[in-house]
Amino acid sequence: VSSRTEFSECMSDAVKNGKDKVKVDLRVTEVAFEFRLDIPLGFVLNEFLEVTESVADQALKYGVKSGWTIMSIDNTAVDSVVSFEAEISRIQREGNAKCRCLFNAFTTRFTYSTTEYMGLEFSDTLRVVNIEPEMQSERIGVKEGWVLLSVNNNLVSSLEELNIQIQRASGIEDTYVLTFDLFDNNKADDDMTVISAFKSKEDAHSYPPKVVFRTSEWWENGLSIPEMTNSKQTASWCPKRCLSRSEILNKYFH
Numbered sequence: 001v002s003s004r005t006e007f008s009e010c011m012s013d014a015v016k017n018g019k020d021k022v023k024v025d026l027r028v029t030e031v032a033f034e035f036r037l038d039i040p041l042g043f044v045l046n047e048f049l050e051v052t053e054s055v056a057d058q059a060l061k062y063g064v065k066s067g068w069t070i071m072s073i074d075n076t077a078v079d080s081v082v083s084f085e086a087e088i089s090r091i092q093r094e095g096n097a098k099c100r101c102l103f104n105a106f107t108t109r110f111t112y113s114t115t116e117y118m119g120l121e122f123s124d125t126l127r128v129v130n131i132e133p134e135m136q137s138e139r140i141g142v143k144e145g146w147v148l149l150s151v152n153n154n155l156v157s158s159l160e161e162l163n164i165q166i167q168r169a170s171g172i173e174d175t176y177v178l179t180f181d182l183f184d185n186n187k188a189d190d191d192m193t194v195i196s197a198f199k200s201k202e203d204a205h206s207y208p209p210k211v212v213f214r215t216s217e218w219w220e221n222g223l224s225i226p227e228m229t230n231s232k233q234t235a236s237w238c239p240k241r242c243l244s245r246s247e248i249l250n251k252y253f254h
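Sequence positions in the sequence shown follow the numbering used here and run 1 to 254.
Please keep in mind that the hints were generated in silico from the structure rather than gathered at the bench.
Pair by pair, the computed Cβ-Cβ distance ranges are: (1) Thr-76 x Ser-113: 27 to 37 Å; (2) Asp-124 x Asp-57: 36 to 46 Å; (3) Asn-75 x Gly-18: 41 to 51 Å; (4) Asn-75 x Ser-54: 22 to 32 Å.
Calculated lysine to any residue pairs in the SDA-like style (CA-CA distance at most 20 Å, straight line): (5) Lys-143 x Asn-104; (6) Lys-98 x Thr-76; (7) Lys-61 x Ser-170; (8) Lys-143 x Ser-123; (9) Lys-143 x Arg-127; (10) Lys-143 x Met-118; (11) Lys-143 x Thr-125; (12) Lys-61 x Leu-37; (13) Lys-143 x Phe-33; (14) Lys-98 x Leu-37; (15) Lys-61 x Ile-73; (16) Lys-19 x Glu-9; (17) Lys-98 x Val-55; (18) Lys-61 x Met-118; (19) Lys-143 x Thr-69; (20) Lys-61 x Gly-119; (21) Lys-143 x Asp-124; (22) Lys-61 x Phe-33; (23) Lys-98 x Glu-85; (24) Lys-61 x Thr-179; (25) Lys-61 x Asn-104.
All residues carry an ideal CB built from backbone N, CA and C; glycine is no exception.
Model the full structure from these sequences, guided by the hints.
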């Protein structure tokens, strides 16, 4: 699930199907930004404290996405739209010009400006190994340990491919979108995503694309990695979020 609304729908479906138990895997990616209070924040919240479709102004600049959930303001937790608005009003009454909003980020897509330095370094396996202070990546909330998947929906599996896609985007658009796989503490959890790229360098131009599991050592008990292809276009079948071990097995091996 990618939002609280989807979670509620899944729970309702479970009840309708007669299930009395469900297994929930929690994975929280927290992203915080400092907002000025003298201009529009640029986002609207629904009753579940989720950011709605219309993102503009400061929120758009920071890369806030629809579906993110607001958690706190200046380290004060909020649990409703009323408490969110009350906290903003309190901060303004106290004469503060800015506030720090903490979000649950249910997305891996971040928009970069082509005219500004990225401010991050990648390892040979496309894992983010360094975020430079006060640069673009830090401001929009990218974290160390994440693994790059694609540039403008073009999958990359090497630093060479990454540089080619960045150069191509820089010559055409003002912005480009990097999609990351979210890993915490520079390593993958035991039962979370191991897919970090979906084609190898030598298969970069093949169609249909082959599925490549970069961290194949994660597979236990002698599970082998079969060569797999998919007749659909890459963008339509590449996962946009973390997959659990059972989801990977069901999606790719059944």
